[in-house]
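J.: First to last, the protein sequences are chains C and V.
In this text, residue positions in the first sequence follow my numbering: the first is 1, and each later residue adds one.
In this text, residue positions in the second sequence follow my numbering: the first is 1001, and each later residue adds one.
All the given hints hold, so there is nothing to weed out.
Computed list of lysine to any residue pairs in SDA-like fashion (alpha-carbon distance at most 25 Å, straight line): (1) Lys-112/C with Thr-1062/V; (2) Lys-359/C with Pro-66/C; (3) Lys-1111/V with Ile-1208/V; (4) Lys-1081/V with Thr-35/C; (5) Lys-285/C with Asp-195/C; (6) Lys-89/C with Pro-66/C; (7) Lys-204/C with Gln-318/C; (8) Lys-1081/V with Trp-240/C; (9) Lys-1081/V with Ser-1048/V; (10) Lys-307/C with Ala-1134/V; (11) Lys-139/C with Gly-1066/V; (12) Lys-285/C with Ser-1168/V; (13) Lys-112/C with Gly-1043/V.
Rather than coming from a laboratory, the hints here were simulated on the basis of the structure.
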Amino acid sequence: MSQEELPRRTISRRSFLSMLAFSSGASLLAACGATVQPGGQSIASDSESSNSAAEEASRPAQATGPAELRWEFRGDEVEFERAKANIEKFMEKNPNIKVKVERAPDEQRDEKLVTAMIGGTAPDVFEAWGDIVYKFADKDQILDLNPYVSDLSADDLKDFYKWQWDGFAEFNNIRFGMPKYVNIMCLWYNKDMFDAAKVPYPDKSWNHDDYANAMKKLTIDSDNDGLPEVWGGWIPAWSWDRFWYRLPMWGGDVRDANDPAKCTLDDPKSQEALEWTRKLMWDDKVLAQPLALGAKNWSDAVFYPQKAAMCEDGTYPQAVARNVAGKFRWGYQHVPVGPAGIRKVLGTTDGFCIWKNTKYPDAAWELVKFLSGPIYQEDQVKATGLLPVRFSVLEKWEKINVEQAPELADVNLNWAVEALQEGYPSSRRVFKNQNAAAEIIVPALEKVYSIGDTPVSYLAEIAQEVNKSQQ
Amino acid sequence: MAQNTTALSKKPRRRLSQRQIEELVAYLFISPWVIGFLIFTVGAMLFSLGLSFFDTDLLSRTRFVGPGNYIALFQDPLFIKSLWVTSYYSLAVVPLGTIIALLIALMLNQKIVFQGTFRVIYYLPALVTGAAVAVLWTWVLNPDIGLLNGALMRLGIPRASLPRWFLSETWAVPSIILMSLWGTGANMLLYLAGLQSIPTQLYDAAKIDGANSFRLFWHVTLPMLSPTIFFNVVLNIIASYQVFTQAYLLTNGGPNNATLTMVMYLFRKAFQQFYFGYASAIAWILFAIILAFTLLVIRSSDAWVYYEGSRR
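Could you build the full structure based on these sequences and the hints that come with them?
T.: Given below as structure tokens:
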């Protein structure tokens, strides 16, 4: 070979063998692995799936010696101090149990809790509710309290609201906690605006036609630019938490009552309910359109500055009284009844949960029993004004709130007592695969209600997609 | 004689040389960082690489899936959407950010009254981060009562034609781009430092040869500033592909996933839905994309980056 002739570039034996080994390894990897669905969930056989419901529930063993518990408390500084004072009373009655109260982080609490669970350092008792508890229950991180509630007497059980009590047993057939407080949705209304528009105040007999008519009369758009200075009403229909309860009032629902894998947004009655809200928001322009996404666009942004005459939100009498600060007269009322003669609102299932890997399950049970008991519940009402979880304390709820803020005598707090006695609130609807359902439904709600350029029939179209995601 | 034998049989003690001692001390000084890097960065990266081949929630389920997560990602419409959103954001923010920062730096390099005050004003937005920025821009870009739409209406644009910013699928990503460009002060500072280090003799020589302002900029300023531009472009590519805070605080990925970035999707899959293996696979794909773009820019730098004293 002359010097000018360059050798031809060929693959050497070593390179060929390396490539062969690499591709064989990759093929083996691909063949051995399970299939993964787009979105992350792998397809597993039934025998592989972890399902705590399949095991018979029983009380786990407790570590020996005095119990030391950590309780992660959610609330502001004032409530935190009161919680600690109450825990002193608990520890006096239970000298073998020491409780350390820690304040939950204000931001990304759930993510930090997950990390703590993975690291084995989660608190023994923490707070969760229907919207998030399925995440922990699915991962078998929550102690099933069914074996423990048999300690409770029949009178004790009757003291809880049946719909809320049942709501605590909806996930994976376990009882995920003991009730902490209850929040039920209601109608807030600005009495001064009703007086100025000469519209009679809402009452319990209102239906949705009365509701819509009042909104139209209360809306003020003096320059007719399609942007009212005052909206007749505010309903966060773009929120997963709040859009669903209107559907049963028309006779529809988000999902089949007996089949958590079947979406019923395509049901004609569901569609009518969805359209009622959309039309008032984007065609009639009397229901406040969102000004931003997420938590920045909530009732406090429209009700306190008097940009909306009515709002549908939860029951926080002391917080509302503080924020209104005497600027206008206001009141509470039941959310109007629907065309199907049904009244339905969200009732929350906020509760105290016990981490499944706690060393002291019996002690933790004593703690959560105390926190749901009448002593703590009454003190919680005094500290926060929030609705208690027991009928026996509910009798005192209105009186305690009026003593804390006398202006509350005029707001019809009795509506909440009626609602809980009638039992029409309901915990939120959750799908079998809630993550997959929310990933489809929430963006669709944003298209229809936040952006406003999409008809409600789009929600019917995505119902099949939701059903497929549940497989 | 016996003493001499004894003396010869003893080997001299090895002493470390001064250079060896200095090396040892240097390693000791850097060892805390190196150990931390190995454990918390390299170790974590290797762990996540391993995780990416599993379907796991790290709590109740761990199942080997091989490349299943990677295959599923490219069939996942939401992942593809997040890839598109992130690329759109990056391809807009990097060039626009570079140009705007450079223009501001050129202006601030002029000898004008209150030069120092102007420099502070242009740099201040870079100091404001996180929730404060989110609150501010939620107000500025509010479609109905925001400052920007108010200004546009005063220019004669009818209300019905105004963009709805965060409440529009079309305008949501431009909103976040706008927000990011507002904080371009940090890049501007680097360009300003670069401009001030350009020797004035070069400008004098060029002027003597008859160069006008544009030629001075094109043939002197830009080449001399090219290393700084190169550095900024590489860092901005890396940072822009990891965009998260703006989307998380302002829109949470909405409306209708219009601002769902790759890191947002990764966060959602990992910490909200507990698909840690899937999220790890997203992280490694993101790493590969950033690496590819960075290498592309580095490879191209021979053509447009000029280092003083180097030969071509």
